[in-house]
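Asker: In case you want the letters, here they are:
There are 2 protein chains.
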Amino acid sequence: MHLLVIGAAGMVGRKFIEKLATTGALGGKAIAKATLTDVVAPSAPAGAPFACACSANDLSAPGVAETLVAGRPDTIVHLAAIVSGEAEADFEKGYRINLDGTQRLFEAIRAVGDGYRPRLVFTSSIAVFGAPFPDKIGDTFFHTPLTSYGTQKAIGELLLADYSRRGFFDGVAIRLPTIVVRPGKPNKAASGFFSGILREPLAGQEAILPVADDVRHWVASPRAAVHFLEHAAGLDTDGLGARRNLTMPGLSVTVGEMIAALGRVAGPKAVSLIRREPDPVIVKIVAGWPRNFDPERALSLGFKAEPDMDTIIRAHIEDELGGKIGG
Amino acid sequence: MHLLVIGAAGMVGRKFIEKLATTGALGGKAIAKATLTDVVAPSAPAGAPFACACSANDLSAPGVAETLVAGRPDTIVHLAAIVSGEAEADFEKGYRINLDGTQRLFEAIRAVGDGYRPRLVFTSSIAVFGAPFPDKIGDTFFHTPLTSYGTQKAIGELLLADYSRRGFFDGVAIRLPTIVVRPGKPNKAASGFFSGILREPLAGQEAILPVADDVRHWVASPRAAVHFLEHAAGLDTDGLGARRNLTMPGLSVTVGEMIAALGRVAGPKAVSLIRREPDPVIVKIVAGWPRNFDPERALSLGFKAEPDMDTIIRAHIEDELGGKIGG
Numbered sequence: 001m002h003l004l005v006i007g008a009a010g011m012v013g014r015k016f017i018e019k020l021a022t023t024g025a026l027g028g029k030a031i032a033k034a035t036l037t038d039v040v041a042p043s044a045p046a047g048a049p050f051a052c053a054c055s056a057n058d059l060s061a062p063g064v065a066e067t068l069v070a071g072r073p074d075t076i077v078h079l080a081a082i083v084s085g086e087a088e089a090d091f092e093k094g095y096r097i098n099l100d101g102t103q104r105l106f107e108a109i110r111a112v113g114d115g116y117r118p119r120l121v122f123t124s125s126i127a128v129f130g131a132p133f134p135d136k137i138g139d140t141f142f143h144t145p146l147t148s149y150g151t152q153k154a155i156g157e158l159l160l161a162d163y164s165r166r167g168f169f170d171g172v173a174i175r176l177p178t179i180v181v182r183p184g185k186p187n188k189a190a191s192g193f194f195s196g197i198l199r200e201p202l203a204g205q206e207a208i209l210p211v212a213d214d215v216r217h218w219v220a221s222p223r224a225a226v227h228f229l230e231h232a233a234g235l236d237t238d239g240l241g242a243r244r245n246l247t248m249p250g251l252s253v254t255v256g257e258m259i260a261a262l263g264r265v266a267g268p269k270a271v272s273l274i275r276r277e278p279d280p281v282i283v284k285i286v287a288g289w290p291r292n293f294d295p296e297r298a299l300s301l302g303f304k305a306e307p308d309m310d311t312i313i314r315a316h317i318e319d320e321l322g323g324k325i326g327g
Numbered sequence: 001m002h003l004l005v006i007g008a009a010g011m012v013g014r015k016f017i018e019k020l021a022t023t024g025a026l027g028g029k030a031i032a033k034a035t036l037t038d039v040v041a042p043s044a045p046a047g048a049p050f051a052c053a054c055s056a057n058d059l060s061a062p063g064v065a066e067t068l069v070a071g072r073p074d075t076i077v078h079l080a081a082i083v084s085g086e087a088e089a090d091f092e093k094g095y096r097i098n099l100d101g102t103q104r105l106f107e108a109i110r111a112v113g114d115g116y117r118p119r120l121v122f123t124s125s126i127a128v129f130g131a132p133f134p135d136k137i138g139d140t141f142f143h144t145p146l147t148s149y150g151t152q153k154a155i156g157e158l159l160l161a162d163y164s165r166r167g168f169f170d171g172v173a174i175r176l177p178t179i180v181v182r183p184g185k186p187n188k189a190a191s192g193f194f195s196g197i198l199r200e201p202l203a204g205q206e207a208i209l210p211v212a213d214d215v216r217h218w219v220a221s222p223r224a225a226v227h228f229l230e231h232a233a234g235l236d237t238d239g240l241g242a243r244r245n246l247t248m249p250g251l252s253v254t255v256g257e258m259i260a261a262l263g264r265v266a267g268p269k270a271v272s273l274i275r276r277e278p279d280p281v282i283v284k285i286v287a288g289w290p291r292n293f294d295p296e297r298a299l300s301l302g303f304k305a306e307p308d309m310d311t312i313i314r315a316h317i318e319d320e321l322g323g324k325i326g327g
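Line order of the protein sequences matches chains A and B. Each residue of the first sequence is one higher than the last, beginning at 1 in the UniProt record's numbering. Each residue of the second sequence is one higher than the last, beginning at 1 in the UniProt record's numbering.
None of these hints come from the bench; they were simulated from the model. One thing to keep in mind: the hints can contain errors.
[To be verified] Computed spacing ranges between beta-carbons, pair by pair:
hint, chain 1, residue 1, chain 2, residue 2, range
1, A, 55, B, 294, 49 to 59 Å
2, B, 294, A, 204, 53 to 63 Å
3, A, 91, B, 23, 30 to 40 Å
4, B, 241, A, 294, 16 to 26 Å
5, B, 241, A, 257, 27 to 37 Å
6, A, 91, B, 51, 27 to 37 Å
7, B, 238, A, 279, 24 to 34 Å
8, B, 237, A, 91, 45 to 55 Å
Glycine residues also receive a C-beta, built at the ideal position from the N, C-alpha and C atoms.
Start from the sequences, fold in the hints, and give me the full structure.
Answerer: Here is the structure:
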C-alpha cells in the first residue's frame with residue numbers, strides 16, 4: 001500500500017508517521033511506501049519498515065498536486081493548512097493554501113481518472129461552527145464559521161463530499177477538537193494557553209492563563225488525533241452515505257477542571273505555576289468557540305477520545321517527558 | 001443609485017428588472033442606472049425611469065468581473081448560475097460558472113478596496129440541503145447537498161458570509177424555494193413538472209405528472225421571488241450578525257393539494273388535462289428534495305410568501321395569461 005501524507009512535518013503529521021513506523025500498517029494493509037511532504041521537508045521516522053520519500057512542496061503551486069498523485073497513492077492524508085490566526089491575518093495566503101491547495105489536490109486526483117479512487121482523509125476543524133451554539137452541538141448543526149480558516153475548512157468538507165459522491169475519491173473529513181497537550185514551545189495561536197497551562201507547569205515553568213476558570217472547551221490528546229487518522233483511513237465508508245464529514249469525539253472540560261486534573265496528577269506545586277493574567281482579546285476570541293458536542297455518529301463509527309483530563313495529562317507525561325514530571 | 005444585475009436574462013432576473021422599471025427604486029433609493037448582464041445580452045425593460053446598459057458576459061472568464069464592478073455599483077444582484085441538471089451532467093462547467101464565477105465576482109469587489117462596500121444579494125437554493133430531513137427544516141439545520149449544484153451554492157454562501165464579515169461587501173444570500181408557476185415552455189429540469197401540471201392545463205394543454213400525488217415540496221411564486229430580491233437589497237443587515245444566508249419562506253404543498261387548487265381556480269376540465277405517467281428517475285431525484293421548512297428568521301426579517309396555492313395560481317393567470325384561463 002502506498003501512502004501519501006501532505007502536511008507531514010506538523011505536530012499531528014509527525015506523530016501519525018511515527019506511530020505508523022511502529023505498526024507498519026494502515027487500515028489493515030501493510031504500508032510498502034510512504035510519500036511525505038510539507039512546506040519544509042519532513043524527516044523519515046526512525047526504524048520504519050517501509051520506504052519513505054520526503055520532499056518540500058507548496059500544494060498551492062501549479063503542478064505540485066499532479067506530481068504528488070502521479071504515483072497513484074492508495075491512501076492520501078491531507079493535513080496541510082495555514083492555522084487559524086495566520087489565515088485571519090493574511091486573507092490571501094489563507095485562501096491560497098487552505099482552499100486553492102485543497103481544490104488543486106482534489107482536481108489532480110480527479111484528473112488521474114482510469115478508475116483511480118484513493119481513500120482521502122482530510123483534517124477539518126470544529127472552527128466550521130460559530131456561536132451562538134446549543135449546549136451540545138449535534139451532528140446536524142449548521143456551519144457558520146466566524147473565521148476565514150473555518151470557512152476554508154467548511155468549503156473543503158463540501159468539496160470532499162461532492163467529489164466522493166461523484167466517485168472521484170473515497171473521502172472522510174474529521175473535525176479535530178483542540179489538541180491538548182501540544183508538545184513543544186508555546187505558539188501564538190489564541191488556543192495555545194489550553195496546552196500551555198498544563199505543559200509549562202509539568203516542565204517546572206510558569207504559564208499564563210488569559211481567560212476565566214469557567215471557560216469550557218472541546219479537547220483531545222495528540223494520541224487521540226493519531227487514532228482518528230488511523231481509524232478514518234481504514235473506515236468502512238459504506239455506512240457514511242453522503243455525509244462524510246464527522247465531528248470527532250473529545251472531552252468537554254473547563255479550564256478549572258483542567259487545572260484540578262493537573263493538581264491530581266502533578267501536585268499543588270505545578271498548579272501554583274499558573275499565573276492568571278486576563279487578556280480581553282483572547283477572552284473575546286474564545287467566547288466564539290464551541291464548548292461541547294454530541295458526536296453520536298463518530299462514536300457509533302468507532303472513533304474514541306479520552307474519558308477524562310487526568311488520562312490526557314498522563315499521556316503527555318509518558319509521551320513527552322519520559323514519564324517524569326519536571327521542575 | 002447604480003444597480004448591477006448579473007444573470008438578468010433569466011426568468012427571475014427579467015421579472016425583477018420589469019418590477020424595478022415600474023417602481024424606479026430599490027431598497028428605498030431611486031435607481032439612476034442599471035447595468036444588466038448575462039451570457040446572452042438581457043433586454044432593457046420598457047419604460048424604465050433609469051438608464052440601462054445591457055451586455056453579454058461570461059462571469060467565469062478572466063477580467064469580466066473586474067470590468068463589471070469597475071463602475072462601483074452600489075447594489076449587486078448575483079443571479080447567474082448553471083441549473084442543477086446541467087451542473088450535474090457537466091461537472092467542470094458547473095464548477096466553472098457556479099463556483100469560479102462567484103469567486104471571481106467576490107474577489108473583484110474586494111480588489112476595488114478604497115472603502116468600496118456594496119450590498120450584494122446572492123440567490124442560493126434549498127438544494128444546499130440533502131435528505132434525510134426532519135419534518136420541517138429549521139434555520140440551524142446543516143448543509144449536506146446531494147448535487148454539485150447544491151454544493152456550489154453552499155460554498156457561495158460560506159464565501160459570502162466570510163467576505164461580509166471581513167467588510168469587503170455587505171452580503172445577503174437568499175435560498176429560493178422551487179418557483180411555481182414558471183412561465184414559458186416546459187424545460188428539462190427534474191422540478192419542471194411542478195409548474196407544468198398547472199401552467200399547461202391553464203393554457204388548455206395536457207401535462208404529464210411523473211410522481212405520486214402525495215409528493216410534498218416547497219414552492220413560491222415568481223412574484224414572491226421578486227419580492228425576496230427587493231427585500232434583500234434593502235434589508236437592514238445589522239440584525240443578521242454573521243448569519244447572512246437565509247432560507248426564504250414558501251408554501252409546503254403536496255402535488256394533490258396543487259391539483260385541488262387548480263380545480264378550485266380553473267375547474268375540473270383543467271384538472272382532467274393532467275396525465276399520470278410515473279417516471280422512476282424523477283421519482284428518485286425528487287425523493288431527496290426538501291419538503292418543508294420552518295424559515296423563522298426570514299419571516300421575522302419581513303420576507304413573505306404566498307399563504308396558499310390558489311393565490312399562486314391566480315397570480316400566474318393575472319401575470320401571464322392576461323387574467324384569462326385558456327383552452
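Asker: For every hint, state whether the structure bears it out.
Answerer: Structure-based check of all given hints:
1. One distance hint, 49 to 59 Å for the beta-carbon pair residue 55 of chain A and residue 294 of chain B, holds here, with the actual separation near 52 Å.
2. At about 56 Å, the beta-carbon gap between residue 294 of chain B and residue 204 of chain A stays in the expected band of 53 to 63 Å.
3. For the hinted restraint 30 to 40 Å between residue 91 of chain A and residue 23 of chain B, the CB-CB distance of approximately 37 Å keeps it satisfied.
4. Checked against the hint of 16 to 26 Å, the pair residue 241 of chain B and residue 294 of chain A passes, with Cβ atoms roughly 24 Å apart.
5. The hinted range of 27 to 37 Å is satisfied by residue 241 of chain B and residue 257 of chain A, whose Cβ atoms lie roughly 30 Å apart.
6. Distance hint check: the CB atoms of residue 91 of chain A and residue 51 of chain B are about 35 Å apart, consistent with the given range 27 to 37 Å.
7. Between residue 238 of chain B and residue 279 of chain A the C-beta distance comes to about 28 Å, which sits within the given range of 24 to 34 Å.
8. Between residue 237 of chain B and residue 91 of chain A, the C-beta spacing of about 21 Å breaks the proposed range 45 to 55 Å.
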